[in-house]
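Colleague: As a plain string of letters, each chain reads:
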Amino acid sequence: GAVVSQHPSWVICKSGTSVKIECRSLDFQATTMFWYRQFPKQSLMLMATSNEGSKATYEQGVEKDKFLINHASLTLSTLTVTSAHPEDSSFYICSAASPGANQPQHFGDGTRLSIL
Amino acid sequence: AQSVTQLDSQVPVFEEAPVELRCNYSSSVSVYLFWYVQYPNQGLQLLLKYLSGSTLVKGINGFEAEFNKSQTSFHLRKPSVHISDTAEYFCAVTPNTGGFKTIFGAGTRLFVKA
Chain A
3 GAVVSQHPSW VICKSGTSVK IECRSLDFQA TTMFWYRQFP KQSLMLMATS NEGSKATYEQ
63 GVEKDKFLIN HASLTLSTLT VTSAHPEDSS FYICSAASPG ANQPQHFGDG TRLSIL
Chain B
5 AQSVTQLDSQ VPVFEEAPVE LRCNYSSSVS VYLFWYVQYP NQGLQLLLKY LSGSTLVKGI
65 NGFEAEFNKS QTSFHLRKPS VHISDTAEYF CAVTPNTGGF KTIFGAGTRL FVKA
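Protein chains in written order, with our numbering: chain A, 3 to 118; chain B, 5 to 118.
Rather than coming from a laboratory, the hints here were simulated on the basis of the structure. Ideal Cβ positions, reconstructed from N, Cα and C, are used throughout, including at glycine. No incorrect hints appear here.
Once the Cα atoms are required to be at most 25 Å apart in a straight line, the calculated DSS-like pairs of lysine-lysine come out as:
1) A/Lys43 - B/Lys53
2) B/Lys105 - A/Lys57
3) B/Lys62 - B/Lys105
4) B/Lys105 - A/Lys66
5) A/Lys43 - B/Lys117
Distance ranges between label pairs, derived from CB positions:
6) A/Pro10 - B/His86: 24 to 34 Å
7) A/Glu65 - B/Ser84: 43 to 53 Å
8) A/Lys57 - B/Ser34: 25 to 35 Å
9) B/Gly57 - A/Pro88: 40 to 50 Å
10) B/Glu68 - A/Asp67: 42 to 52 Å
11) B/Ser84 - A/Glu89: 42 to 52 Å
Short, incomplete list of chain B residues facing chain A, as computed with Cβ under 10 Å:
12) Val8
13) Tyr40
14) Gln42
15) Asn45
16) Ala96
17) Ile107
18) Phe108
19) Gly109
20) Ala110
Given these sequences and hints, build the entire structure.
Modeller: Rendered as structure tokens:
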């Protein structure tokens, strides 16, 4: 089945550091990938839709300059949290949809980001 | 616009008992429906999906769900749960008008007790 790999799974860094998270579709091409943020005991909050070869579409309230998204190929999207602060600590999850309008999303295993 | 309501935030149940996790949705267009499971510190895994056809959908791990269009519901059921079913369950909808934007419910924590 379709596999999405997310890396790293856990990162701890100092405040002010920029952190890059990678999301790869391993056995299918994904023109669209999604980035979510999940707070403890809460649902997934869509941050942005990442489109291959074009700018990402951000949800209302999500800072574009804070969360940089690059989707340079059909199998890779990256999320960079720039100048991270403790309030950016969260669980970040990416997903990609197999080609076709009615295909479910396939999720990566998430990245636990802790900013000290 | 679409919305998804999971009626129970937590469902405690004894091992080998049946369980139902409730999900209602609202949408001005037709939607595809999904149930996902999330284990601690992991991403989401697809349990089952309804696209069209038979309203009773069978998924992995013995789960099934029934689509009820008149009640706009998509409840998840399992006749006999195991300790290993303890996890967070998310109901989700995607409009079938194109695009992939998925709306998730708030989640239901299933806790299976011995």
